[in-house]
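Novice: Hey, can you work out the whole structure from these sequences and the hints?
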Amino acid sequence: MRVLLLLASMSLFLLAGTCNTNSRASSPELKRLEGTWLHAHEEDQGEVRVYRPNTYAFPPSRGRTGFQFDHNGLFTQYDIAPTDGLEGRKGQWKSEGSNVVRISLDDKKDPDYKLEIVSLENGVLKVKRVE
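Quick note, the sequence shown lines up with residues -16 to -1, 1 to 115 if you use mature numbering (1 follows the signal peptide of the UniProt record, and there is no 0).
Among these hints, one or two may not hold up.
[Unchecked claim] Cross-link-like lysine to any residue pairs, in silico, SDA-like; alpha carbons within 25 Å at most:
id	residue 1	residue 2
1	Lys15	Ala65
2	Lys110	Gly75
3	Lys112	Arg36
4	Lys15	Phe59
5	Lys78	Val34
6	Lys74	Lys92
[Claimed, not checked] So the derived label-pair ranges between C-beta atoms look like this:
id	residue 1	residue 2	range
7	Arg46	Thr20	18 to 24 Å
8	Asp68	Glu26	14 to 20 Å
9	Pro43	Glu80	29 to 35 Å
10	Leu58	Val84	14 to 20 Å
11	Pro95	Glu26	18 to 24 Å
12	Thr67	Lys15	21 to 27 Å
13	Pro37	Arg73	18 to 24 Å
14	Arg46	Gly72	15 to 21 Å
15	Lys98	Glu18	17 to 23 Å
16	Arg16	Ala41	16 to 22 Å
What the hints contain is simulated information worked out from the structure, not anything from laboratory work.
What you are looking at is a predicted structure, and each value in this text was computed from that prediction instead of being measured.
Ideal placement from N, C-alpha and C gives every residue a C-beta, glycine not left out.
Specialist: Spelled out as structure tokens, the structure:
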């Protein structure tokens, strides 16, 4: 009986070790990142960039960059296209602590980068790029 309990405990331990629960949006804070965010450059504060959901009523602008966080770790970075529209670049994101995410773009035109989440409240996301 002891051997069976030991084997069952070891199996649960091995299963728990294979689950990577903190690399994606597992915490409530990171879960709130999910969605499409556009740059509200009018509200930037020094190195801190301000983003709002794409449904926000932005004032007129010649274009807005942004990004989309998906729950499964997929990421899309939106850059201004040559025709003034938006051009999406696919990639991945993962958590590196409670308030830092690493962004890796599939096309590798730019190196990976990290964003520090300064705050996320009332539909306003404030981030700072960290090296």
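Novice: Evaluate each hint against the coordinates.
Specialist: Tested hints:
{"no.": "1", "hint": "Lys15 to Ala65", "result": "violated (29 Å)"}
{"no.": "2", "hint": "Lys110 to Gly75", "result": "holds (21 Å)"}
{"no.": "3", "hint": "Lys112 to Arg36", "result": "holds (15 Å)"}
{"no.": "4", "hint": "Lys15 to Phe59", "result": "holds (14 Å)"}
{"no.": "5", "hint": "Lys78 to Val34", "result": "holds (20 Å)"}
{"no.": "6", "hint": "Lys74 to Lys92", "result": "holds (10 Å)"}
{"no.": "7", "hint": "Arg46 to Thr20: 18 to 24 Å", "result": "holds (19 Å)"}
{"no.": "8", "hint": "Asp68 to Glu26: 14 to 20 Å", "result": "holds (18 Å)"}
{"no.": "9", "hint": "Pro43 to Glu80: 29 to 35 Å", "result": "holds (34 Å)"}
{"no.": "10", "hint": "Leu58 to Val84: 14 to 20 Å", "result": "holds (18 Å)"}
{"no.": "11", "hint": "Pro95 to Glu26: 18 to 24 Å", "result": "violated (28 Å)"}
{"no.": "12", "hint": "Thr67 to Lys15: 21 to 27 Å", "result": "violated (34 Å)"}
{"no.": "13", "hint": "Pro37 to Arg73: 18 to 24 Å", "result": "holds (20 Å)"}
{"no.": "14", "hint": "Arg46 to Gly72: 15 to 21 Å", "result": "holds (19 Å)"}
{"no.": "15", "hint": "Lys98 to Glu18: 17 to 23 Å", "result": "holds (18 Å)"}
{"no.": "16", "hint": "Arg16 to Ala41: 16 to 22 Å", "result": "holds (21 Å)"}
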